[in-house]
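Visitor: Each residue of the sequence shown is one higher than the one before, starting from 155 at the first, in the working numbering.
It should be emphasised that the hints constitute simulated quantities derived from the structure, not laboratory data. Please read these numbers as outputs of a predicted model, since none were measured by experiment. Fair warning: there could be bad hints in the mix.
[As the list claims (entries may be wrong)] Using C-beta positions, here's what the derived DEER-type ranges look like:
#	residue 1	residue 2	range
1	340	408	27 to 35 Å
2	580	197	52 to 60 Å
3	1249	314	52 to 60 Å
4	197	1176	37 to 45 Å
5	939	779	39 to 47 Å
6	770	197	25 to 33 Å
7	897	433	34 to 42 Å
8	263	897	29 to 37 Å
9	770	400	40 to 48 Å
10	897	314	30 to 38 Å
11	1291	379	50 to 58 Å
12	939	714	24 to 32 Å
[To be verified] Mimicking DSS-like on lysine-lysine, the simulated pairs with C-alpha atoms at most 30 Å apart in a straight line are:
#	residue 1	residue 2
13	500	548
14	341	294
15	341	390
16	922	294
17	499	548
Cβ atoms here follow ideal geometry from the backbone N, Cα and C, with glycine treated the same way.
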Amino acid sequence: NGSEGNYTNVKDYSSYSNNGTLPYSGELVINGDAETGDTTNWVGVSAMATDDVHGGAYSFYRNGSASVYTSQFIAVNPALTYNLTGWFKSNGTGGNSTLYFGFMPYDANQVMIQSKEINAIAGSDTTLYESCNSNDSVIKVVDASGWTTGQYYVVAYETDDSGSYTDLPNRNLSDSVSNTGRNISSKTAGPGYWNITFGVISGVQQRAMKNASAGTKVREHAYTSTYQYDAAANAKVSNLTWTRYNATMNGEILYGVSPNGKWWHGTRYAHIMMLANNGQAATFKLRFDDITLDTYTGAMWNSSCGSFTKSGGCYEFDGIDDTMDIGTGFNAVDELTVSFWLYAKKQSSNAWALNKYLSTSDAWGIRVLTTGDIDLYDDIDGVDQARYATAISKDQWYHIVAAMSDNGYGDGNYTNTFYINGTQIGDGENSTGNWSSFAGRLYLAERGSEAGYFNGTIDNVQIWNRALSASEVAMLYNSGAGMYNRVHSDATNEGETWQVCVTPNDGNYDGETLCSASLTLQSGCTAPADDLAITESTTLCRGTYYVTDAAADGILLPGNNTGITIQCNDTTIIGDGTGYGVYGSNDHNITITGCDIRNYTYSIYGSASSHWIIERNNFTVPTGNTYSIYLYLGKNHTINYNNVTSMGTNNNGDLALYSINSSVIAYNKLMALGTSTVIGLSTSNYNNLTGNIIHSNGSTLRIGISASSCWNTTIAYNNITTNGSTGFGIYFANGFNYTNIVRNNITTHGSGAAGIYLDATDAAIINKNYIYSDGSGSYGISSSTSTATNVTLNNITATYEAITAHNAWEVYGNILTVLGTGNVINAAGASSNFWMNNLESTGGVTGQADDDFCISENSIDEGNFYAAGTAPSAIPSDDCGAANMTYPDWGEAFNATYINVTWKKQSHSPLKALWYSFAFSNDSGVKWQQLRSVWGYQNLFNFSVNATYKRYRWQSAPQTKNSTYIEIPKAANITKAVFKLEYIASSVFRNVTGYTGNASFQRQYELFGNASGDSFGRSIAIADVNNDGIKDIIAGGPDSDICTDGSAGDSRCGGAQIWIGYGSGESFSSTYDYYLKGVNTSDNAGRNVASCDVNNDSISDIIMGAPKMENGTGYTGSCSGADCGGVIVYFGINAGGAFNSTPDLELYGMNASDSLALGGNHAVVACGDVNNDSIGDIVWGAP
């Protein structure tokens, strides 16, 4: 059991909530059991739990509603059978969590498959009656009699109507990427065709979204579930017990989303996913554990199991038709072992408990005979042999093991052995052949087509790809449950108390592999009185407990040893709370790996020793002045990938290094539930602490890493959390000098805590760390008499002070935030520089400083710097660099005509990014973000030295002529604004200058009007008006003074300017390409503009609303008064052609003062086909 060493993977398989163990051909989920102790491979997990798990030491949990899924792509072969299993339990105060559990399906290119892309509506295949454009709101199809209307229906284009559905997943849909474009609102039959009309969603007209010609094959699709919820859908998870949800997947759905248990069409990859606490608040908490996916191909038929089991679950068979088909794929080339517990009832005929079967001449298995005997039977290549017939009693549990081996010779000769209750039957016999030489299926309770059904119960089926030794089989039996890696010293299992100890027959543990037949196994044994004294490399037995009493240590290295390897092989070594798990003094080049050491004062102790490798061990440390690893006077140690859980209460560090130099402590998981300090360094130099997960959970004075009198040490990429009051993520004292603290993630939650504390520490570099201290009165970086410290490019948040600085500090490029009323920066020292940081405080002031502390070029929010002992009114006036840049809070009135910010690059250093925000509020205090430019990264490029890069301009109203501006609606009533500029990992920004508010969009082009006051840009339309296939820009200018009637001066006849669109590598003209004039004085043509084809020549025409038009010469309509209003039309042209000098059409209103197409907040002009004759029609309002 397990997946290490020579053992194949096995899996707890459950039928009708009864657990057994069956093999599978490979676990596919990384960290599905949470036993890495972190969220590796999982997205959306809130955190890890240790207090309530389904199996192992950890489980996952999620608070509140969220999608949780594996980051790992799992390859999918629909021809295989996949089993998905997960265990879940509700744990929140809100009640039972709602769960959806299954898969996110992806195609061969790892593009997600959405239900709308494969959920074809049967009988809806047809063709387009006429061509359609992507912007059409109505399309014509030949036959829509089988179509359905509704919000979640879409049109699929370029379909396969052969019945093979080779177009799936089809992404040519009348839908947008954001899934908002679903809505077939109606279908109506016409002469030879059907109209399919797209509706409106959230005020947005839905469109065809495809340019397609007549005859294009189409069908209707429907949007349903977002993912495949095959294991659970809207399940209410119990908060009393762990509940198993599972699904078996095989095959591929031709089209549609049902039935469950088959992959959506085209699925070749998948994420395992769940909707945790779906739609529920943060008070709902879902725990989950042991998520597995495998390609087991078996099936259970008819079997059930009552309460009578050997070990927590079983398979019960009735001897009539119950069977388990495990399937193929469980062959081992040269060795194989099967084991199980068996409880036989009276057999009506010779029955097969377990059997691999291809035919009557290729089979092997274990039989229970009507005589009451059990035997091992093999028949390979037509040679059959029954062996080891042994009488057993009905209605009694027996542990059965059969093994096959070539004995390592590889000569094609095989020996099989048979065990009952841990005892070998006979001496082993030659097999008739290799049990894996034929591709049969493996069954429980039958023999393939020959029936032979077994009557009784089978439990704990396990399969290995090697032959177990006699001692290992005995250990399996003595364990009681038959689970090889669950051998306990003093545990209670299913009502039984059992214990296993191991003693070599020769009494000498030294230099042996303690897993051989020379072992004496004792049930109910007492602890050995002597240490395991080792002077040679030793391999300890997998799964065995070596229990030591108060007079003994675990493993003793007597001293002066060199080059010893202790390979524990998952051995557990337990003490009585005192002594040493491993003890060495003056021992060198020692390797300790794979050990589980529990309940010693020192899990590992080494003195005056060097070059120890301590890797991949598990240490459990009791309360008191205890240590997981204690090394004193040595060097060149490697301590990697260990897992530590400590209840100790010492101040020196659970992992303590005293006078230890040039060592590496990396990628350990260190959980301190009681210790004051997790890692302690004292007079230890040139060490490297990298990639560790450090968690200190004590109530007071808890420290992640503590160091005293240490030099030249690197602390990098660690994740450090402390929960106790007055706790520290990293604590330096008494000369912790020339040290790098780089890219750590440090979180402290206790009151008065600090992410980093420096005491009498010099020349430290603190770079690119994330520090978050949210306890009351907490600090980001706190210090006392520390000098020459470089603090750069960190992101620091604290409740009291972000940084407490001293002499000769360089504090540069940091993001500093204080959540309370303290200082962002408290500079008590001299000759320091604090520059180009971003400071923000939710209350109080942003800093104080002595007179000779240089504070320059920072971005400052809320309050001011002030000199120590003075009122918080001004930034120190020392001439130490460019000015700081302050920015307003919501309380500052916004009354600038425009916002203008300029950045200038002043060095050749690489430029990275600028973080900026832009927001507004009104007098009522309503706040919102404008122009989608809030708190995002704006990448800046094409900088040249000493050259202004870009000017962003935003204007509240079009008060300056000759430009088009973005207008704020009058109803917004903007009165206040905020602009914030922060430096992120950049060393090049200097002289941030002039602004009156904020920056927004990066301008690509400015297209100017013809003359001052023309108001060009008051209206805009986009259309291809010169028939070159590229959209052009039409800008209305209702106050233009150039008229077709020759009027000049302030005539306001209006008009429109045309900029012709351009291809790749080109750009707009510096001035307009065409100018189309209004007709008469004061017409205000161009107040609104629109475009469509109104003369049926397939070229878009230009329509200008003219709300002040009057009756023209020769016009005979009823309107002859002022302000009838109307529109003027210029017909579109072919590329290279010219528009007419006067309008092609003038259309007038009916009555005086109709003010047709007035625009503004009134009616507007529009163009489109409203009578379904494929010709554009003109619509305008008459307010």
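Visitor: So which of the earlier hints does this model not fit?
Guide: As far as the earlier hints go, 3, 5, 9, 10, 12, 15, 16 are violated by this structure, in ascending order.
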